[in-house]
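Visitor: So the sequence lines, in the order shown, correspond to chains A and B. Each residue of the first sequence is one higher than the one before, counting from 1 in my numbering. Each residue of the second sequence is one higher than the one before, counting from 1 in my numbering.
There may be inaccurate statements among the hints.
Said to hold, decoys possible - Partial list, computed: chain B residues near chain A (C-beta under 7 Å):
hint: 1; residue: G672
hint: 2; residue: S675
hint: 3; residue: H676
hint: 4; residue: R679
hint: 5; residue: M682
hint: 6; residue: S684
hint: 7; residue: R686
hint: 8; residue: A687
hint: 9; residue: F688
hint: 10; residue: E690
hint: 11; residue: I709
What the hints assert, rightly or not - A short list of chain A residues far from chain B (calculated; beta carbon distances all over 10 Å):
hint: 12; residue: Q40
hint: 13; residue: A97
hint: 14; residue: R101
Since the hints were made in silico from the structure, they are not lab data. Just so we're clear, the structure is a prediction, and the values are computed from it rather than from any experiment. Don't be surprised by glycine CBs; every beta carbon is placed ideally from N, CA and C.
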Amino acid sequence: MSRKVLLIEDEPNITEAIRFLLTREGWQVETHAEGVDAVQVIVAENPDLVILDVMLPGKSGMDILRDLRELEGMKGLPVLMLTARGQSRDREMAEQAGVSRFMTKPFSNTEVLTAVRDLHAQASRS
Amino acid sequence: MATLNVLILVCLGYVVLLFGVAFAADRMAVAGRGKWLRSPLIYTLSLSIYCTAWTFYGAVGNAARSGLEFVTIYLGPTLVMISWWWGLRKLVRVGRSQRVTSIADLISSRYGKSNTLAICVTILAVLGGTPYIALQLQSITLSFSIFAEADSSGLYREGSSVFWVAAGLAVFAILFGTRNLDVNERHHGVVTAIALESVVKLFALLAVGIFVVWGIAGGVGPMMDRIDASEIGQWNVDAGRWTTITFLSAAAFVCLPRMFQVMVVENDDEGHLRTAAWAFPLYLLLMSLFVVPIAVIGLDLMPEGSNPDLFVLTVPLSQGNEWLAMLSFIGGFSSATSMVIVTAMALSTMVSNHVVMPIWLSTQEGSGSVSGDVRNIVLMARRVSIAVIMGLGYFYFHLSGGGAALASIGLVAFAGISQILPALVGGLFWRGATRTGALIGLSVGFFLWIYTLLLPGMGGGVMPASVLENGPFGWGWLRPQALFGIDGIDPMVHTIMWSLSLNTIAFCVASLLSFPSPLERLQGAQFVNVFDHSVAPQGWTGSVGQSEDLMIMTQRILGTIPAQVFFQAEALKQGGRGRLPEPTPGFLVRLERELSGSVGAATAHAMVGQIVGGSSVSVEDLLAVADESAQLLEYSGQMEAKSAELSRTARQLREANEKLTQISMQKDAFLGQVSHELRTPMTSIRAFSEIMRDTEELSAEEKTRYAAIIHDEALRLTRLLDDLLDLSVLESGQVSLNLGDSTLRTVLDRAISTALAGTDRKLEIRRSLTSERMPLQTDLDRLGQVFINLISNAQKYCDAPDPILTISAHDVGGQVVIDFIDNGSGIPPEAQSMVFEKFARVGFDKAGGAGLGLAICREIMQRLGGEISYLPGQAGAAFRVSLPLAHKQAAQ
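Let the hints inform the model, and build the full structure from the sequences given.
Guide: Set out below in structure tokens:
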């Protein structure tokens with residue numbers, strides 16, 4: 001059974017690092033670097049997990065998450081959010097918007113992998 | 001000879017007659033009959049209590065001693081009556097409209113109903129009045145003694161007779177002066193009795209005069225010869241003394257409590273003054289007509305050393321004309337008694353109203369029994385006051401021993417009481433006069449009077465001779481009779497000059513410096529403008545139609561609801577059913593009072609007057625209105641200025657607050673952005689370094705690639721830190737400029753080669769080398785930094801297939817202007833104002849710019865005294881750099 005992760009991130013180097021890590025874990029990694037059409041891409045790709053950056057061109061990760069949670073059948077999709085802004089207010093806003101896990105950059109690779117594994121396990125159980 | 005017995009009988013009979021007249025007049029007045037009691041003639045005659053025993057006997061004595069100087073005593077009141085009747089009319093009008101009971105009450109009422117002032121005036125009046133009463137008692141005693149000398153029965157004992165006379169007069173004053181407590185304080189009985197006494201004393205003096213001229217001298221012609229032969233006939237005038245005493249008697253005529261009593265308090269028709277204006281001077285003329293003949297004959301006939309004050313008695317006696325002497329005695333007795341009775345009444349009113357009653361009321365405070373029979377208490381206070389004042393007069397007479405010291409008392413009392421004059425006249429004619437002014441003026445005059453005249457006149461017992469000669473503590477300039485070293489003038493003239501002038505100056509200066517209370521202002525206006533204010537309100541009558549107009553006006557002033565409430569209450573009070581009351585005088589007065597609370601008394605009066613039409617609006621009314629409006633305007637102007645200031649402050653605060661909020665938000669955003677810009681490269685560095693550390697099966701290519709990424713991101717981090725540091729140094733203004741000379745061309749050459757080095761993105765640069773020759777004197781490295789930034793921006797962001805950057809330079813008005821224009825799609829208009837802000841990246845900068853470049857450029861150009869701006873309306877992105885030319889800078 002293939003597991004698909006959609007990575008929405010505008011920094012090419014970070015995208016490359018996460019793709020490398022998750023491919024080795026057996027994930028099929030799809031990427032997208034724009035904010036504006038991110039919700040449509042998520043719906044179209046229908047991934048098992050979304051990794052979402054906050055500062056994206058066109059539309060912020062917060063707004064994408066909020067819009068996504070409005071959609072039918074997208075309430076339970078695990079979303080791991082990454083941000084480089086590091087302000088505590090962001091974490092609150094993300095939790096209100098319905099984030100599954102919130103992490104601050106820079107992260108350690110094992111942290112990301114553990115989070116992905118946990119979220120996937122939770123989603124498969126329910 | 002039973003002369004003394006007869007005399008006593010005649011006296012008693014005369015007193016009984018007076019009682020009878022007074023009693024009858026009172027009865028008639030109560031019954032409403034006897035209008036003649038209030039004729040101008042009675043009023044004029046009552047004024048003649050001015051002529052006391054001092055004038056009756058003393059004028060002849062004065063003439064015998066000092067020649068014609070006695071005339072001055074008559075001259076003062078005559079001048080007042082003839083030339084200042086309009087002032088007296090005002091005084092009478094004020095007195096009546098304010099219902100004053102005494103001169104102390106008048107002064108107090110004018111200056112905001114100040115009881116302190118009333119007490120001052122009362123003390124002054126009692127101090128001046130007591131010796132004056134003693135003087136009357138002395139005259140009676142002396143005249144008695146003349147008859148006693150001629151009498152052998154030895155019945156006469158001086159001391160006891162004076163006592164009985166004083167007691168009798170007190171009883172008379174109490175019986176007729178305090179019978180009732182009329183609001184108008186008018187005493188018909190007393191006034192009628194006094195008028196009778198005036199007739200008697202005039203008749204007596206004329207009789208003696210006629211007897212002297214035709215009975216002794218033998219006609220007018222021989223009389224004139226005898227006068228010419230005597231010293232009295234010689235015209236011997238001391239101008240200073242004459243002027244002073246004339247002025248003094250004029251002042252006293254207005255200020256003396258007893259004169260005020262008959263002239264103002266007892267007056268019931270202002271019109272009477274018109275008659276008195278000629279009749280009273282005529283009375284004085286008749287009183288003085290025979291003074292000189294009697295004095296001349298007296299000096300001729302009477303033995304050396306006899307008292308000239310008693311010539312009026314002794315001359316007829318020496319001729320054996322006892323009945324004429326008796327008549328003369330009755331005349332003197334009349335003068336004395338009328339003065340004493342009225343003075344006692346006037347003083348007792350002042351003492352009881354301003355001293356006794358306030359003290360009594362303050363002791364009653366809180367017990368709640370004030371509402372009881374205050375009337376009786378007031379009457380009792382008056383009666384006791386009369387008794388005490390008579391007692392004081394008697395006591396003073398007893399102390400002074402009845403000696404010659406009393407002779408000058410009349411003028412001394414005049415001088416004391418005339419200290420009221422500045423406050424009185426000022427209060428009537430000057431709205432600016434204040435309570436403080438009156439109090440200070442009065443105190444100054446009062447003190448100087450006591451110090452320079454009263455104390456020195458009392459003899460060595462009261463004021464040591466050393467003080468008189470050398471001044472207190474040996475200060476010569478403070479000698480009581482030669483203040484400030486001005487020596488050698490008559491003590492009376494000296495006192496009047498200093499006390500009245502300093503009194504007036506103190507009054508005026510203190511009035512100008514002090515600020516009147518609202519009540520003082522109101523009273524001041526009512527006094528000064530009495531002819532506009534006093535009678536008119538009573539005269540208002542109107543029709544119901546006017547009520548509507550009044551209502552409309554009142555609504556405008558008080559507001560709709562309060563005006564309706566007021567009018568409805570008034571209508572109810574009148575028993576009417578409508579909303580509008582009848583414009584009765586009572587209602588109009590209350591309305592005026594209500595309005596004056598809002599717009600001032602003068603305005604309220606003028607407004608009501610205009611609607612009801614009872615009086616036309618006078619110029620004074622308009623002036624008073626303007627006065628009030630000016631004050632209101634000034635006040636509202638101040639309020640406006642204050643509120644403008646407040647709203648200005650509020651706006652400034654709001655602006656400051658907005659600015660602070662904005663700065664705080666900018667700071668938050670800046671920190672968030674810095675954090676983001678720092679964390680992003682660090683994330684890549686950390687992720688790839690962990691990958692390289694933890695992954696064993698990496699290929700060599702992968703290793704090289706990941707190491708390159710780490711390297712690039714580290715460089716990006718370094719650049720960002722450099723930019724941040726650069727910016728903070730520039731922004732804090734701590735940057736030091738490294739000035740150098742060069743040309744624009746050299747600087748551009750260097751910048752282009754630096755910007756284009758180490759990159760494979762192509763950019764064609766078009767320049768016009770000839771225009772780049774202009775010299776520059778500036779920090780060449782910093783300027784180069786700006787150029788590099790602009791060139792690499794074009795290199796990074798120009799989206800044309802063949803990117804071209806055109807650099808052109810001009811000399812515009814002493815400025816070097818360099819334009820950098822590329823052929824890309826440019827910066828969208830909404831972002832143009834943002835490009836120089838920190839982290840304001842237009843589009844996304846994968847090449848690693850943090851968005852600080854243009855912000856740094858702006859700071860640099862500011863430091864260099866130039867400017868960098870976006871140039872809208874060009875083909876592509878266009879920036880303009882301008883800075884001063886080198887020679888311009890050199891010239892500075």
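Visitor: Indicate, hint by hint, whether the structure satisfies it.
Guide: Going down the list of hints, with the structure as the test:
1. About 5 Å separates the beta-carbon of B/G672 from the nearest beta-carbon of chain A, less than 7 Å, and the hint is met.
2. Checking B/S675 against chain A: minimum C-beta separation of about 5 Å stays under 7 Å; hint holds.
3. A distance limit of 7 Å between C-beta atoms decides the matter here; for B/H676 the minimum to chain A is near 4 Å, and the interface restraint holds.
4. Given hint, B/R679 at the interface with chain A, holds; its Cβ is 4 Å from that chain's nearest Cβ, closer than 7 Å.
5. Contact between B/M682 and chain A, as hinted, is supported at the beta carbon level, the nearest pair being about 5 Å apart and thus within 7 Å.
6. A cut of 7 Å between beta carbons decides the hint on B/S684: the least distance to chain A is about 4 Å, and the hint holds.
7. Interface restraint check for B/R686: the shortest CB-CB distance to chain A comes to about 4 Å, inside 7 Å, so the restraint holds.
8. Here the hint on B/A687 is kept, as its CB sits about 4 Å from the closest CB of chain A, short of 7 Å.
9. The beta carbon of B/F688 is positioned within 7 Å of a beta carbon in chain A (closest approach about 6 Å), and the interface hint is therefore held.
10. The beta carbon of B/E690 comes within 5 Å of a beta carbon in chain A, closer than 7 Å, and the hint placing it at the interface holds.
11. Given the 7 Å rule on beta carbons, the hint for B/I709 holds: about 5 Å separates it from the nearest Cβ of chain A.
12. Distance to chain B confirms A/Q40 as a non-interface residue, since its nearest Cβ pair spans about 20 Å, more than 10 Å.
13. Taking the minimum C-beta to C-beta distance to chain B, about 18 Å, the non-interface status of A/A97 holds against the 10 Å cut.
14. Distance check on A/R101: its Cβ is at least 16 Å (rounded) from any Cβ of chain B, clearing the 10 Å threshold; non-interface status holds.
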